[in-house]
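One-letter residues, chain by chain:
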Amino acid sequence: MTISSPVLRNSMRLILPITLLYAMYAMLKGHHEPGGGFIGGMIFATAICTYRMSHGALAQLRLMPVHPRVLIFLGLGLALGTSVIPLLLGEPFLRSAVGEFHLPFSSHPFHYASAMAFDLGVMLVVVGVGVGMITQLSEELE
Amino acid sequence: MTIILSICVAVTFAVSIYLMTGRELKSIAMGVFLLGHAANLSIIAMSRTPVRHEPQLLKGAPILTEAFDAARPMSSIVDPLPQALILTAIVIGFAVMAFLLSLLVLTSRKAGTLNVEQLAAEAMQGA
Amino acid sequence: MTTSETIWLLLCILAPAALGCATLWLPKRAIAARTLIALLGPVASFVILAQHLAAHGVSAPEAPAATPVIEWIPVLHLNLSFLADGLGGFFGLLVSGIGALIVLYARGYFGRDEAALFRFFPTLGFFTTAMMGIVLADYMLLTVLFWELTSISSFLLIGWDRDDRHAVKLAMQAFFTTGLGGMFLMGGVLMFGYATGGDGGLWRWSEVLSAGAGRIDVSDPLIVWSFILMLFGAATKSAQWPFHYWLPGAMAAPTPVSAFLHSATMVKAGVFLTGRMFPVFAALEWWSDLIIPLGAITMVAGATIALNQHDLKRIFAYTTVSQLGLLMCMYGLGSLEYHGHANIEWDITQIANHAFYKAPLFIIAGALGHYISRDITQLGGAIRKRPAMVITMLLAGYALAAGPGTISFQAKEFFLYAIYHAQESIGPWWMLLMAMAAVTAVCNVAIFVRLLTTLMGWPGGMKPAAAHGAHDEHDDHAHGHGEHEHGPWAHLIWIPGLALVLLQYVGGLAPGLWGQWFAPLESHAAEAIPTALHAFMHPTLPLYVSLACMAIGAAVGLSPLMRGAIVDMHDRIYPAMYWLAVTGGGRAFRTVQTGRFRHYIIFVLLAFLGAYVASMALDPEMLRWPAVESAFEFIPGVLLGVIICATAILMPIVQSRVVRVIILGSCGFSVVGMYLLYQAPDLALTQLMFEIISVILFVLVLRLLPDTKETDRASGRWWRFTLGTLTGVAIGWLTLVAAQSGAEPKLGEWFARHSYTGTEATDGRGGGGRNIVNVILVDFRGFDTLGEITVLSIAALGVFSLFPRRKPMPTQLEFEEQIAGGAAR
Chain A
1 MTISSPVLRN SMRLILPITL LYAMYAMLKG HHEPGGGFIG GMIFATAICT
51 YRMSHGALAQ LRLMPVHPRV LIFLGLGLAL GTSVIPLLLG EPFLRSAVGE
101 FHLPFSSHPF HYASAMAFDL GVMLVVVGVG VGMITQLSEE LE
Chain B
1 MTIILSICVA VTFAVSIYLM TGRELKSIAM GVFLLGHAAN LSIIAMSRTP
51 VRHEPQLLKG APILTEAFDA ARPMSSIVDP LPQALILTAI VIGFAVMAFL
101 LSLLVLTSRK AGTLNVEQLA AEAMQGA
Chain C
1 MTTSETIWLL LCILAPAALG CATLWLPKRA IAARTLIALL GPVASFVILA
51 QHLAAHGVSA PEAPAATPVI EWIPVLHLNL SFLADGLGGF FGLLVSGIGA
101 LIVLYARGYF GRDEAALFRF FPTLGFFTTA MMGIVLADYM LLTVLFWELT
151 SISSFLLIGW DRDDRHAVKL AMQAFFTTGL GGMFLMGGVL MFGYATGGDG
201 GLWRWSEVLS AGAGRIDVSD PLIVWSFILM LFGAATKSAQ WPFHYWLPGA
251 MAAPTPVSAF LHSATMVKAG VFLTGRMFPV FAALEWWSDL IIPLGAITMV
301 AGATIALNQH DLKRIFAYTT VSQLGLLMCM YGLGSLEYHG HANIEWDITQ
351 IANHAFYKAP LFIIAGALGH YISRDITQLG GAIRKRPAMV ITMLLAGYAL
401 AAGPGTISFQ AKEFFLYAIY HAQESIGPWW MLLMAMAAVT AVCNVAIFVR
451 LLTTLMGWPG GMKPAAAHGA HDEHDDHAHG HGEHEHGPWA HLIWIPGLAL
501 VLLQYVGGLA PGLWGQWFAP LESHAAEAIP TALHAFMHPT LPLYVSLACM
551 AIGAAVGLSP LMRGAIVDMH DRIYPAMYWL AVTGGGRAFR TVQTGRFRHY
601 IIFVLLAFLG AYVASMALDP EMLRWPAVES AFEFIPGVLL GVIICATAIL
651 MPIVQSRVVR VIILGSCGFS VVGMYLLYQA PDLALTQLMF EIISVILFVL
701 VLRLLPDTKE TDRASGRWWR FTLGTLTGVA IGWLTLVAAQ SGAEPKLGEW
751 FARHSYTGTE ATDGRGGGGR NIVNVILVDF RGFDTLGEIT VLSIAALGVF
801 SLFPRRKPMP TQLEFEEQIA GGAAR
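Just so you know, the sequences run in chain order A, B and C. Position 91 of the first sequence, counting from 1, maps to 91 under my numbering, and the rest follow consecutively. Position 81 of the second sequence, counting from 1, maps to 81 under my numbering, and the rest follow consecutively. Position 825 of the third sequence, counting from 1, maps to 825 under my numbering, and the rest follow consecutively.
Think of the hints as simulated: they come from the structure by calculation, not from any bench. The structure presented is a predicted model; accordingly, all values stated were derived computationally and were not measured. Glycine included, each C-beta is placed from N, C-alpha and C at the ideal position. Some hints could be false.
As the list claims (entries may be wrong) - Here are the computed lysine to aspartate or glutamate pairs in the DMTMM-like style, where the Cα-Cα straight-line distance is at most 20 Å:
no. : chain 1 : residue 1 : chain 2 : residue 2
1   : B       : K110      : A       : E139
2   : C       : K169      : C       : D568
3   : B       : K110      : C       : D113
4   : C       : K169      : C       : D199
5   : B       : K110      : B       : E24
6   : C       : K28       : C       : D113
7   : C       : K169      : C       : D707
8   : C       : K28       : C       : E148
9   : B       : K110      : A       : E33
Said to hold, decoys possible - Covered, in the sense of this in silico footprint (three residues per stretch, anywhere, with C-beta under 8 Å from a C-beta of chain C), are these stretches of chain A:
no. : stretch
10  : 10-22
11  : 44-57
12  : 74-87
13  : 118-128
14  : 134-140
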């Protein structure tokens, strides 16, 4: 399903990078501010889907040249991996590590929690599911 | 606020039941969709009334500063737990919705009808 | 005793199975070696157990000495410890001894059938081990474990002929019945352990016996129920009426199995259990009230049905049922006091007596079936063809009739005395019991007389002309027509039977010798066994009764009455249950499961409304209007609410599908606003994205679907409207009441306090995030989230697989074209 409207096409070019960037931001800052894996994933999937509507299936394929199920498996694997690692270290399942580290060229300490890796897995799954379902149904329509 | 929310829950729930008992699969799907809203609204009502007249929108209260401790009373924020529950419920609801709609498409292709009575009659013949 | 004794007894239990399985590695043709090794198993068990009993003596019933514990699963009260008291030791010797004889008999029975022997010895060893385990285990749950193993091995042996559907069905019947009893037994044991103190309770037979009535409160309903459950287990295993149907059915097994499992050992497991429970539960009033009628009915039913059968194996199966009823009845009578002491004497002799004549009867029945026939009407004058076998059978049959000179006679006298003495406790009921025992005895005598006249070819025997219609269908014919071996094994097939039956006559003719062997095992042997002569010198009522029985029995046996073969009505019980479960269940399922979504919703909602009304009735507090703030204090909230309600109500009214999707979207966006009001920015964001994607999804799907209109009658709309309104009001009220219940959000507060830094409660460990909602999702409830993304993935994969992929991925060329085309547009 493609909507051939020049306005939409051209504005999408501008909107898409910003939306994707915001999705990443929402995911990464999600531990402290509104956001997180679910939200970031939904924003990301919505952006991709609107892009598909304006530019067509092949453009989407060029932007994201993998089948969405790859994202799903990657995400699930990442989430499961982060939850299993504490087990290998003799800690309870899913225990997260919290700490700070200093990035080079930055005086501000970077606060991290290992739960964020888990969140990244969640995001990948949500993106895969959202994009995958819309893509599948659109293909049926075409 | 709780009264308004309760009324919303009642109305959406009633409409979704009305739709779901219909004979048309599309209406049933929409009923399921509405049911999700009703349930989510019902849960969010449990997180007590928000701080009056001053909803802190995007800089909202559930985001805490380090200063959150015993000195700061719980009543200054809403209960975060229902929000966490609803958040996952929304996403799961999306997946279920998409699955349901896919099934709908397949059903209409295979059976050629979306009328529940006709579908049931066909299933009985098939069985 | 040391731990090594436990290991020795463990070896004693495991030897038959281990050696039986060892024969699997022998080449198939090595029949002699196979038999020898299989024989070694029960013999080893017998020797080890005898040595143990000789070295440590039979522990006294009041102070049973179990072997030291080797821990296995202590938390389940399931450890390795064994108790070789009189009852257990006797059963162990009986099982291993008869087991050894059966191995020899099986060699003659199966002949040179290599495949059968290959399969038979391991299975038989497996059973022997299970049976030894039951009788020697000290932990009650260990007994239960082995109990189930006997059910399994019995199933394997009954369904020996795997191609015979009927035999397999009968095996299922036996397995189901005894397995069900096993479940009850386990429930009883668990309940007993719980009632006596849970973890510190009584889980070992030795503790139970030594604690006696002291620690067990017989008025505790839990104890009573645990007794009833355990008794149910014992009754199914020991084929008590009305569960006896499985035992005649089990005759589909090869005769060595029938002789071993279904006459001498496995069916006695229930009697064994009753004997084990006797010292503890006999104080219960329920003991005699339940067991005596159960045993007496079984006794009479079995004997009368046995008289009206033609197949030798079925005749003996029903007399076994009858005898098992008698043994149960004996334990039931045992709890009635007579002159201040228990009304039970020489109970182990009673059990041994039955094993020593019933196993030979089966052994010879199988052998005769091999060479002539198992139908008694076909066996006229069989003594001329197979004299040794027939003589052995008649010797055993004489014991069945409890003729003087066999231990059976004394045993029968003891039983009649027990009934006679019971008049002190149960009043005139003893006469009914005595009449029932007399009927049983008459039937047994009549069966013997028929066997005698028929096999000897005397007048009065069974004639082939007699009703041949009811031919027995439980015949294990698979082994009846095979090639017969004519070696020494086949000719000596009756030897194991004779060995056992001679013990009968030792007891009958030399009770002193019998007493020497068995008195140490008996726990209720006050005085020596009298000789048969002694009974005749001092006649009492029981003697008169048994003499009268013999006379009537002989008359019945010679008379032309009751010579047909009848069908046991109880054989229909299991098929009826099976039908009820399978066919009836299917019908019930189809009645409830209409396949119509509408019906399911209505059922669920009606149940919900019913529960709702009930809870309102129980708690009138729920009906009170909760004190809430004004509805109009915050105008944006009111506006959003109005939009949500209006859009929802419009949904069923509007028919155009595009407008419907738009309405659905606007409803969702109003919900987004509602989340913002409730200070939930995360929710609002997610819901926003969800709405966008959903609208896209709906538009896509609606284009794929035909545009049909809702067609429902006006009456249908009315009840839908009513149901919807009722449920909606109910849920809305529930929301209002729950939200205003005033309970502090304890859980939410806990999450809030620990979301960034921890407290002492969490060892100072916090979630490390300031967004509580996100910390709850990825940390506190991370496992939940993991499950949720799995659900998401499965839903997506489901959608992928629902639609077959038709288009291959575009080639590079198409790719370029598309991009070029896109640029040109």
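Going through the hints against the structure:
The suggested pairing of K110(B) with E139(A) holds, with an alpha-carbon distance near 18 Å, which does not exceed 20 Å. Simply put, K169(C) and D568(C) have alpha-carbon atoms about 17 Å apart, close enough for the 20 Å limit, and the pair holds. Annotation: proposed proximity of K110(B) to D113(C) is violated, straight-line Cα distance about 58 Å (limit 20 Å). The straight-line distance between the Cα atoms of K169(C) and D199(C) is roughly 41 Å, outside the 20 Å bound, and the hint therefore fails.
The hinted pair formed by K110(B) and E24(B) meets the criterion: a straight-line CA distance of about 16 Å does not exceed 20 Å. Note on K28(C) and D113(C): the hinted pairing holds, with a Cα-Cα distance of about 10 Å set against a maximum of 20 Å. For the given pair, K169(C) sits about 56 Å from D707(C) by alpha-carbon distance, which is inconsistent with the 20 Å threshold. Taking the CA atoms of K28(C) and E148(C), the gap is about 30 Å. The hint is violated against a cut of 20 Å.
A distance of roughly 48 Å separates the Cα atoms of K110(B) and E33(A); the hinted pair therefore is violated under the 20 Å criterion. Coverage of the stretch 10-22 of chain A by chain C is violated in this model, with 0 residues showing a Cβ closer than 8 Å to a Cβ of that chain against a need of three. With 7 residues having a Cβ less than 8 Å from any Cβ of chain C, the stretch 44-57 of chain A passes the three-residue criterion, so the hint holds. Three residues within the 8 Å Cβ limit are the bar, and the stretch 74-87 of chain A against chain C gives 5, so the coverage statement holds.
Counting residues of the stretch 118-128 of chain A whose beta carbon lies closer than 8 Å to any beta carbon of chain C gives 7, which reaches the threshold of three, so the coverage claim holds. Counting residues of the stretch 134-140 of chain A whose CB lies closer than 8 Å to any CB of chain C gives 6, which reaches the minimum of 3, so the coverage claim holds.
Checked against the numbered hints given earlier, the structure breaks hints 3, 4, 7, 8, 9 and 10 and satisfies all the rest.
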